[in-house]
Amino acid sequence: MPLLKLDKVSLNFGTHVILDNAELQISKGQRIGLLGRNGAGKTTLMKIIAGSMQPDGGERWLRPGTQVAWLEQSLPEVADQTVYDMVADGLAEVGELLKQYHHLIADYEHADTTELERVQAQLEAKHGWSLGQKVDTVISQLQLPADTLLAELSGGWRKRVALARALVREPELLLLDEPTNHLDIPTIEWLEKALQDYHGALLLVTHDRSFLEKVANEIVEIDRGHLHQFEG
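Using numbering that gives the first Met the number 0, you'd call the opening residue of the sequence shown number 0 and step up by one each time.
Everything labelled a hint here was simulated from the structure, so no lab data went into it. Remember, predicted model here, so these are calculated numbers, not experimental data. Backbone N, C-alpha and C define an ideal beta-carbon position, used for all residues, glycine too.
Derived DSSO-like pairs (lysine-lysine); straight-line CA-CA distance at most 30 Å:
{"#": "1", "residue 1": "K46", "residue 2": "K133"}
{"#": "2", "residue 1": "K133", "residue 2": "K27"}
{"#": "3", "residue 1": "K133", "residue 2": "K213"}
{"#": "4", "residue 1": "K4", "residue 2": "K27"}
{"#": "5", "residue 1": "K27", "residue 2": "K46"}
{"#": "6", "residue 1": "K192", "residue 2": "K213"}
{"#": "7", "residue 1": "K46", "residue 2": "K213"}
{"#": "8", "residue 1": "K27", "residue 2": "K213"}
{"#": "9", "residue 1": "K46", "residue 2": "K7"}
Here are the computed distance ranges between Cβ atoms for each label pair:
{"#": "10", "residue 1": "N20", "residue 2": "Q142", "range": "43 to 49 Å"}
{"#": "11", "residue 1": "R208", "residue 2": "G50", "range": "26 to 32 Å"}
{"#": "12", "residue 1": "A150", "residue 2": "H225", "range": "41 to 47 Å"}
{"#": "13", "residue 1": "I218", "residue 2": "K27", "range": "14 to 20 Å"}
{"#": "14", "residue 1": "S9", "residue 2": "Q228", "range": "17 to 23 Å"}
{"#": "15", "residue 1": "E151", "residue 2": "Q24", "range": "42 to 48 Å"}
Use the sequences and the hints to build the structure in full.
What follows is the structure, given as structure tokens:
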């Protein structure tokens with residue numbers, strides 16, 4: 000059963016046709032490289048798939064319960080937020096509890112024990128400890144400084160943080176827009192291995208041909224509003 004379908008999707012920016020009755024189906028295990036010239040609409044298509052943009056016509060169908068995570072091309076905004084908080088935010092409600100627990104434990108001597116017990120109880124009820132381990136694991140694998148503010152990080156490190164936030168959710172459908180930008184070679188190699196071991200569906204845009212060949216098993220080309228799909 001597919002995770003996502005686009006059925007006769009159309010989108011125009013003024014007189015410029017971005018999608019013209021486009022059709023696409025994505026199922027578990029597909030690793031799709033999305034190709035097209037600059038301005039063809041690759042990022043726009045990703046926005047429609049992610050659900051952050053509505054087409055002019057046609058239908059987007061997402062299998063109920065399917066988690067979608069999207070790593071955008073732009074870097075996370077510099078903010079007064081720690082790396083741990085940014086990564087944990089990928090887990091929504093449980094992530095908020097994990098952030099509270101992390102900060103309470105960090106200043107344990109001055110922590111409100113009643114508040115700490117409340118957060119621990121809620122994490123227990125929501126099976127949050129296993130998710131907390133995922134946050135710790137991906138932070139460790141990407142060698143991120145958990146308690147450093149985003150504002151103190153370079154562009155490359157902020158890209159790693161955004162990548163960690165997308166991966167920690169273990170989504171059924173992962174969208175990556177130029178994921179290797181700002182990354183050094185060891186991190187790119189780690190990402191290649193992580194995506195090869197990933198069991199969900201993947202759609203990525205990249206200008207890194209070597210990375211594409213190692214990760215993708217299908218190609219979708221967007222050309223003058225139409226999508227053309229090829230295996231291999």
